[in-house]
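Which chain is which? The protein sequence lines are B, A, X and D, in order. Under this note's numbering, the first residue of the first sequence is numbered 71, with each subsequent residue one higher. Under this note's numbering, the first residue of the second sequence is numbered 71, with each subsequent residue one higher. Under this note's numbering, the first residue of the third sequence is numbered 71, with each subsequent residue one higher. Under this note's numbering, the first residue of the fourth sequence is numbered 71, with each subsequent residue one higher.
Source of the hints: derived by calculation from the structure; they are not laboratory data. Hints are not guaranteed to be accurate.
To be verified - Below, simulated SDA-like cross-link-like pairs (lysine to any residue); rule was C-alpha separation at most 20 Å, straight line:
#1 B/Lys131 with D/Ser74
#2 B/Lys93 with D/Gly378
#3 A/Lys454 with B/Lys131
#4 B/Lys118 with D/Ser74
#5 X/Lys93 with A/Asp421
#6 X/Lys120 with A/Pro76
#7 B/Lys131 with B/Val117
#8 D/Lys93 with B/Pro76
#9 D/Lys93 with B/Lys131
Claimed, not checked - Here are a few chain X residues that face chain B, going by a calculated C-beta distance under 8 Å:
#10 Arg320
#11 Pro371
#12 Glu372
#13 Val374
#14 Tyr375
#15 Gly379
Yeah, the Cβ is synthetic: ideal placement off N, Cα and C, and Gly gets one too.
Number of protein chains: 4
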Amino acid sequence: MSASNPVPLKVGLVGGSSGFISKAHQHAIFMDGTRRVVAGALSSDPVKAKRSASEWPYPIKGYDSYDAMLQDELAKPKVERLDYVLILTPNHAHFDPAKRFLEAGIPVFCEKPLTLTVEESVELRERVESRAIPFCVAHTYLGHWTTRLARFIVRSGLLGKVRWVDASYIQSWMAIRSRDPKFKDTVWRIDPSKSGLSNCGGDIGTHALMQMRYITGLEVEALSAHLESLVPLGGPEEDQLDDHFTVYCRLNTGARALVRASQIAIGHKNDLRIEVNGERGSLRWAQEESEVLVVNLIDQPERVYVRGGVRANDGFFSDLPEELMSETVIPWGHSEGFHDAFARLHRCFEDDVRAYQAGAYNGSDGSQYATVRDGEIGMRFVEKAVESNRNGNAWTAL
Amino acid sequence: MSASNPVPLKVGLVGGSSGFISKAHQHAIFMDGTRRVVAGALSSDPVKAKRSASEWPYPIKGYDSYDAMLQDELAKPKVERLDYVLILTPNHAHFDPAKRFLEAGIPVFCEKPLTLTVEESVELRERVESRAIPFCVAHTYLGHWTTRLARFIVRSGLLGKVRWVDASYIQSWMAIRSRDPKFKDTVWRIDPSKSGLSNCGGDIGTHALMQMRYITGLEVEALSAHLESLVPLGGPEEDQLDDHFTVYCRLNTGARALVRASQIAIGHKNDLRIEVNGERGSLRWAQEESEVLVVNLIDQPERVYVRGGVRANDGFFSDLPEELMSETVIPWGHSEGFHDAFARLHRCFEDDVRAYQAGAYNGSDGSQYATVRDGEIGMRFVEKAVESNRNGNAWTAL
Amino acid sequence: MSASNPVPLKVGLVGGSSGFISKAHQHAIFMDGTRRVVAGALSSDPVKAKRSASEWPYPIKGYDSYDAMLQDELAKPKVERLDYVLILTPNHAHFDPAKRFLEAGIPVFCEKPLTLTVEESVELRERVESRAIPFCVAHTYLGHWTTRLARFIVRSGLLGKVRWVDASYIQSWMAIRSRDPKFKDTVWRIDPSKSGLSNCGGDIGTHALMQMRYITGLEVEALSAHLESLVPLGGPEEDQLDDHFTVYCRLNTGARALVRASQIAIGHKNDLRIEVNGERGSLRWAQEESEVLVVNLIDQPERVYVRGGVRANDGFFSDLPEELMSETVIPWGHSEGFHDAFARLHRCFEDDVRAYQAGAYNGSDGSQYATVRDGEIGMRFVEKAVESNRNGNAWTAL
Amino acid sequence: MSASNPVPLKVGLVGGSSGFISKAHQHAIFMDGTRRVVAGALSSDPVKAKRSASEWPYPIKGYDSYDAMLQDELAKPKVERLDYVLILTPNHAHFDPAKRFLEAGIPVFCEKPLTLTVEESVELRERVESRAIPFCVAHTYLGHWTTRLARFIVRSGLLGKVRWVDASYIQSWMAIRSRDPKFKDTVWRIDPSKSGLSNCGGDIGTHALMQMRYITGLEVEALSAHLESLVPLGGPEEDQLDDHFTVYCRLNTGARALVRASQIAIGHKNDLRIEVNGERGSLRWAQEESEVLVVNLIDQPERVYVRGGVRANDGFFSDLPEELMSETVIPWGHSEGFHDAFARLHRCFEDDVRAYQAGAYNGSDGSQYATVRDGEIGMRFVEKAVESNRNGNAWTAL
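Bound-form chain B, shown alone (with noise of 0.2 Å):
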């Protein structure tokens, strides 16, 4: 091998012995070469933890815990420690391991909503701020080409100032679960002591509400919501967390937003979407077609762009970065797609953690991935919409 090429990054699990998304991370994480997953505390049940990490379909040192896998690490020297850990449970315990792993200085990657109260989420950030450790919370479509165009295109001006920004993620899952046996890996999402005080609000209401502030840099001021459980379960009604998410908000620019969820839309698969309306025009994005962005300016025909499709000479974005040009992996026309959205947030993670190990890290601008700040707002905003549904949808400062 030769000497000068990089050394991959290591990288150990916490929970994904099951679920779609452990995979998706995997796949992530080693797109590149340049990062592997080498260990991993795989469930909360050591017998399962043990068992998956024996039936691994590549070589992985298995945990029984992640306590043990911490305690591991730190008998290791330095630079022989796991370069990052991916936090994957359910939403209840992402706090604890995140805050033991941050507290001996490894960097964290912990799925979303963040914790399972707003005060876990300010206690995460106040750890990773003072010690200027890099932290992510998956926010996956962040990593589309087409959102960081979308920020950039609305950040620039080109659009005036934002008047309306609708978002929303809607879903069917909740209306045919009890068909389809595929979705038993999610029932903890309406037990609220693993989901929390929300379970479609929490689970997809943030992605909404992440993908709008990213975009547009606005921020949520005070919010009217409803919360509705359509689907009946058939325990106690006033148990029943919300599948239906609906908030209208006042953002700090005074333009309105709605931001929207619901999981009951049968024909909906996976429906994150946004559209923001500024005085001179508009974008639309939509995770199922995120190859494409729609821009419309007063008096023009619309304008479809493609990822990889922007050029300077356009006379419209004569000013885009180079850094977004670049960004691109694969010519247009050939799909990236949710596991390529998923590796540039780890690639990035990457370039953080590598400059966090050389002396080099400053903490996240939030421009690459949602930071611990941006789950601990994901927190908040749930948080009160669950007290505007019980205000009576009263508006509520956040």
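For chain B, the structure is supplied; the task is to place chains A, X and D on it using the hints.
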């Protein structure tokens, strides 16, 4: 001429000297050869009314005022009178001519929203119901064959009990109006004395409501509304009518609906759409793609129905009424458009007018076009939305 | 009636007792209020002709034959005669009535393909040209505003020199005809004595050719053709007309075109489309989505033009003729459809007929509708395609 | 590490120092964690080969030439050798390394078109078949789950006997290449000494052919081809390879197919698509929308299948093999892309390589990826197309 060819109906216009909607109605009236516009009080300004009539592209008898037109009609033998009048004036000038022609026993086809106030709507409804005289409110989009198929599908129970409806009507003209002189004809829409309590809600929100009610048969029981004026027009903010309209609704079965409208969304042209979600499936319809209807059932691929493409033996629609099967005017793949939808309403109204003249009319069940009762409900919906908005978006019963 | 309102044109039908195309023409004729169908020799069967006229939905004078209709016209003073006739008979019965009415000085609007043989087409063209009398061949799709915008764009040079054109018209009716009684009216299409040398090529291949010629202004110089009969109809194979038609063309500038048609492709409804590729850009148009036109230029995002959505100040179309700008009948987002395209042809033809009657008609330049010369070229194209196919797909000059 | 975790396969690269396809393969190889690129003779230029290896983003052993790499492998014990090699060189440099590694018993994954001449393809095929050693030709688009579903549907007989296939692959790079430096890597494609007899046909026409053959199981019996060079490159016209490729085919059942490719169509990105028309229905697939498959049956609404959305109880696909049902990697609505399709090929190839090493490999049936026989047929197709074109587009047997 053959003695047995039916004599075309004679139609009189109240208003209509300008505006695209006037031309659209005229095309729809003439299209079948069985109805003709023959008279008109084309403007509230007598000089303009006269001049317009003299410059009309086909033979028409012009009047200074609808009053003059009405007096002239009353002086004729019944068989020579106008068969119906079409009211095309701004909102505030619907009520009086409608009332007067109804009193004279002449059926009325009226633009929407029905009147300036709920009280006027009630008065018209009572008059129509007590006399059993045909009255149509011009909710054009009920005339699309796919709207009718959607109504059949939902009411047949195929989708199961309805859980959630998303109906919206999004346009851009308020965002771009200052730049384009062609919008001068619609300036009255933002003048409360001519438009009523609401601009956006009254003008297009009522269409979204009507699609929802027509297709599902459900009624709004209570609502919480947000009305915004996002495009500053220069005058005092509190005087400005809404240009963005969001209403969260509780329906009479407990289902929820979101009824939205906006006039500030650049890139949207005439984007009326509806999605109905039931326990077993959903359907989606959009005005700008009105040749198709999309149906999703649990465990089934998405089905895309086209106008004229429903067959009795598809194992799905075996009970599709022949009436609905035979509705389509041109074969699939040759688009029906706005004029065709409009013509279908006038065609159905012609049937009722001819039945009325033959003494065989017993009132409309609302299955073919929007009735005076539908018009009244639309007025009430807007009134309550305005009230809710003034009261901090409080839940307000209809 | 005002003295100055123009008198509606009087139109006579030759054929048209059944078939959707007859109704479509009638809608198009009536739509503006400035033209009326008043007479008809509705069938070649005198009994059916008479009965149809007596059952007609609006007042019409019925004749046993077009001969009787013509004699009746000639007996009237000129001003009372029919202003034009519309020929709706099967292909083999276009020539004689067209010739006869032209001889009588009455303009003719004729269905396509123009005649049964090229020779007949030549004779009609010579007659029309020598007398400077309006004659329209019913190539409906030229009536779409987006077809006209496409013509302007290509001829303006925006796309550079044309390299390649792909024009196709794909349907399914031959594949499904045996199952659906509604196709009985088109059985004559597969009968050579009524349809001519070609079924698929003549019926719909000519439309694809016409779109290509109208939009680009290019002419076919030579062709190599494949005609197939893919759906067995039971008779001797060699007697069967084509249901699948593929023609590779060399155009008069050296560009290439592929002109295709099929009637056997299940799922296609009325799928006429064209793509024009030039040195600097391309455009795509599809009949079933005729409200939009897609333009791609090198180094530019895809632009989606909508009917009514072209602005002078988009820095692209600064020289769009006012005539084209003002063409649209209804505002964007309200679809124009098949009837609107048809009406535009009859509207333009009305202009020419009124000019002809005023002595101000100098022949058509083909910019508004297909001329008799276009009809002749279509006939010749089909004839040569059949010849090429018989000769082993040999290159054949036009 | 658990003793039972399988050891990842070791992959060597021949070529691949530049070009997007090299990166795509690497992503696909790494994605599962079960395969790794560990060595490479990355360029035919030894200096570049060495430098590239030293700058590689992950550990790799670099060689000056594939010969050196092969000698090094042969010197190792069998278990330490490369498990397979991937050949990424220009067309003319596929044959020799493929032959050499096959001779050494090392499986080969090779880019397409397979070789420079048909004779070379035949030689490779004979070698592969006689030794029963895994060999894959990189027809990526077979790796899309929807391509596999399409194959199942057509072969299940659901559409009836196939009548007509339209397969095309349309790009724009030749039209815009002079303007964009990123195309410099593909200049060899228009050099006959490196590209072979055909540029457009060989490069992308073979993909269209492969989709057709894989999905339908039909073979081309004879063809009539038109090859054009529509973009002038400055040299003598007769030396220029094709950039536009149209082949009319007679298939072995009597069905017809049109196989097309173009590199000059501005606005097309990577537009590979196929439509299969049978007696009872049709299906449509497009690479750029590879998450859906559209099926039309007579008298049925259009059905849109999504990856992962086929259910056993839809009354339509009751016999869908479990293998196909379980193929999907991520849930519907999360797009699979180009890398996922590529990874599926390498995943299937890994299965065969592991079976081969275990002595359990009996050759490929072509159901999982394109075989050396498929590669040979593609070569022959292009050769005959060139021959037909030279002979005035004469029918030429395969």
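For each hint, the structure was consulted:
1. This hinted pair checks out: B/Lys131 and D/Ser74 have alpha carbons roughly 11 Å apart, not beyond 20 Å.
2. Between the alpha carbons of B/Lys93 and D/Gly378 the distance comes to roughly 16 Å, so the proposed pair stays at or under 20 Å and holds.
3. Distance hint between A/Lys454 and B/Lys131 is unfulfilled; the C-alpha atoms sit about 64 Å from each other, more than 20 Å.
4. Of the supplied pair hints, the one linking B/Lys118 and D/Ser74 holds, its CA atoms being roughly 16 Å apart against a limit of 20 Å.
5. Distance restraint check for X/Lys93 and A/Asp421: the Cα-Cα separation of roughly 19 Å lies within the 20 Å cut-off, and the hinted pair is therefore satisfied.
6. Of the supplied pair hints, the one linking X/Lys120 and A/Pro76 holds, its CA atoms being roughly 16 Å apart against a limit of 20 Å.
7. Straight-line distance between C-alpha atoms of B/Lys131 and B/Val117 comes to about 14 Å, which keeps the hinted pair within the 20 Å bound.
8. A distance of roughly 17 Å separates the Cα atoms of D/Lys93 and B/Pro76; the hinted pair therefore holds under the 20 Å criterion.
9. Between D/Lys93 and B/Lys131 the alpha-carbon distance is near 29 Å, which puts this suggested pair outside the 20 Å criterion.
10. Taking 8 Å as the C-beta contact cut-off toward chain B, the hint placing X/Arg320 at the interface is violated, the least distance being around 30 Å.
11. Among the interface hints, the one on X/Pro371 holds; its C-beta lies about 4 Å from the nearest C-beta in chain B, closer than the 8 Å criterion.
12. Annotation: X/Glu372 was flagged as interfacial toward chain B, and the flag holds, the nearest CB pair being 4 Å apart, inside 8 Å.
13. Contact between X/Val374 and chain B, as hinted, is supported at the beta carbon level, the nearest pair being about 4 Å apart and thus within 8 Å.
14. Taken as an interface hint, X/Tyr375 checks out: its beta carbon lies about 5 Å from the nearest beta carbon of chain B, inside 8 Å.
15. With a least beta-carbon distance of about 6 Å to chain B, the hint placing X/Gly379 at the interface is held under the 8 Å criterion.
Violated hints, listed in ascending order, are 3, 9 and 10; each of the other numbered hints is respected by the structure.
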